[in-house]
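> Protein chains in written order, with the numbering used here: chain Y, 1 to 78; chain X, 1 to 265; chain C, 1 to 76.
Rather than coming from a laboratory, the hints here were simulated on the basis of the structure.
There's no promise every hint is true.
[What the hints assert, rightly or not] Label pairs and their in silico Cβ distance ranges:
{"hint": "1", "chain 1": "X", "residue 1": "E20", "chain 2": "Y", "residue 2": "Q46", "range": "44 to 54 Å"}
{"hint": "2", "chain 1": "C", "residue 1": "V26", "chain 2": "Y", "residue 2": "G52", "range": "23 to 33 Å"}
{"hint": "3", "chain 1": "X", "residue 1": "I47", "chain 2": "Y", "residue 2": "L48", "range": "33 to 43 Å"}
{"hint": "4", "chain 1": "Y", "residue 1": "W47", "chain 2": "X", "residue 2": "V243", "range": "27 to 37 Å"}
{"hint": "5", "chain 1": "C", "residue 1": "T10", "chain 2": "Y", "residue 2": "L43", "range": "24 to 34 Å"}
Remember, it's a predicted structure, so these values are computed and weren't measured experimentally.
No residue lacks a Cβ here, since even glycine has one placed at the ideal position from N, Cα and C.
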Amino acid sequence: MAGDQTPRPTGGPDDVPTGAGQGWTALSYLIGGMLVWGFIGWLVDQWLDTGGIATGIGVVLGMAGGIILVVRRLGTPT
Amino acid sequence: MFGQANVLAAGQAAFPPSVEDFYLPSILPWGAHDSYWFTKITAMVWIAVGVLIIFFLASYRNPQLVPTKKQWFAESIYGFVRNNIAVDMIGHAGVRFAPYFTTLFCFVLLTNAFAIIPFFQISPNSHIAFPAFLAVISYLLFNYIGIRHHGFVKYFKNSLIPPAPWYILPLLIPIEFFSTFLVRPFSLAVRLFANMFAGHMLLLVFTLGGFAMLSANTWLAPVSVLSWVMTIALTFLEFLVIVLQAYVFTVLTASYVQGALAEEH
Amino acid sequence: MDIAAVTGSTAAIGYGLAAIGPGIGVGLVFAAYIQSTARQPESSRITLPYVWIGFAVIEALALLGIAFGFIWAGTA
């Protein structure tokens with residue numbers, strides 16, 4: 001009605017990336033978390049020869065880390 | 001392109017299309033095997049660069065206060081990128097980046113658009129090299145801007161350390177590093193490349209499929225026509241994807257620059 | 001005696017079933033965001049953080065589904 005009133009970023013402190021950037025950031029935290037810690041878990045697997053458990057634990061840990069990151073970075077209202 | 005037309009005329013279509021169809025014949029030297037340094041793809045990139053330079057130079061040759069049509073068109077493009085991408089994402093400081101973003105947007109749009117323009121019919125961005133290099137430039141840009149604005153140590157501290165209690169930080173920092181410094185350039189490049197590759201592959205499948213069905217059995221002619229109607233419909237969809245991917249590439253680059261400039265908590 | 005037997009990749013069936021829930025869930029989150037923004041546009045910036053929290057937690061299950069599909073692929 002009165003035009004697009006979504007507030008523009010002032011380029012100052014505490015500006016979160018708006019819109020598309022946030023979406024891709026959230027997705028990359030989730031997938032990246034699983035990949036990084038799944039890979040570390042797989043390395044532990046190769047080292048200790050535990051047959052897949054360490055990879056699974058790594059993936060779940062990475063998933064938890066990804067969720068924590070998304071909540072902290074993108075989920076706190078400014 | 002000439003090779004395939006001859007094969008089609010001889011009654012056999014190169015179906016199904018494969019990655020080999022993306023390796024175009026070399027123009028200089030003419031018809032050489034395994035020489036890809038100057039093909040239609042290279043010529044298209046040079047044509048895109050030339051068209052953009054000539055267009056923007058010519059429309060600003062004698063700028064009037066009341067713009068001529070060509071000047072208005074060039075100003076609209078620049079205004080769109082400056083207002084809706086640079087200033088929207090970065091704020092007032094974004095005007096500094098608007099020229100680069102306009103160039104980036106127009107270049108990606110033009111090279112993408114070659115996928116549906118007759119006689120060109122393939123986008124240079126369906127070869128991973130071009131999106132990869134554009135992504136590398138965006139990567140260097142946002143890192144350099146961040147380091148120059150914050151200082152080297154402070155920039156990495158801001159980007160890598162999320163607001164979380166100290167005992168969870170070892171879990172989170174590898175994820176942050178991977179996501180910010182590895183996934184971003186990779187996903188920029190692969191997003192553009194995959195969209196252009198898949199679009200071209202789809203058009204190839206439906207076009208060559210029509211010919212393949214026709215040459216296999218003439219009773220399949222109506223199905224061939226249907227296949228070619230699908231090609232036309234997919235070309236319209238491809239147009240949408242072309243504009244969208246150019247926009248997304250530029251918007252994400254602007255978003256990364258904004259993230260690099262933002263102060264942290 | 002087997003009452004019913006399934007051969008082939010049960011990991012694939014498992015992932016297919018696991019993708020139903022998160023698919024509906026993410027759709028609900030974004031539907032709610034779109035509706036709330038339509039009712040009161042000024043609230044869009046305030047509710048956006050909650051969209052990402054909801055999306056992350058729900059998508060976690062879907063991504064775990066695909067990850068464990070690969071991890072458990074060999075064990076029939």
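> Look at each hint and say if it fits the structure.
How the hints compare with the structure:
1. Between E20 (chain X) and Q46 (chain Y) the C-beta distance comes to about 37 Å, which lies outside the given range of 44 to 54 Å.
2. Between V26 (chain C) and G52 (chain Y) the beta carbon distance is about 29 Å. The supplied range of 23 to 33 Å therefore holds.
3. Between I47 (chain X) and L48 (chain Y) the Cβ separation comes to about 58 Å, which falls outside the hinted range of 33 to 43 Å.
4. Distance hint check for W47 (chain Y) and V243 (chain X): the Cβ-Cβ separation is about 49 Å, which falls outside the suggested range of 27 to 37 Å.
5. A C-beta distance of roughly 28 Å is found between T10 (chain C) and L43 (chain Y), which places it inside the suggested range of 24 to 34 Å.
Comparing the model with each numbered hint stated earlier shows that hints 1, 3, 4 do not hold.
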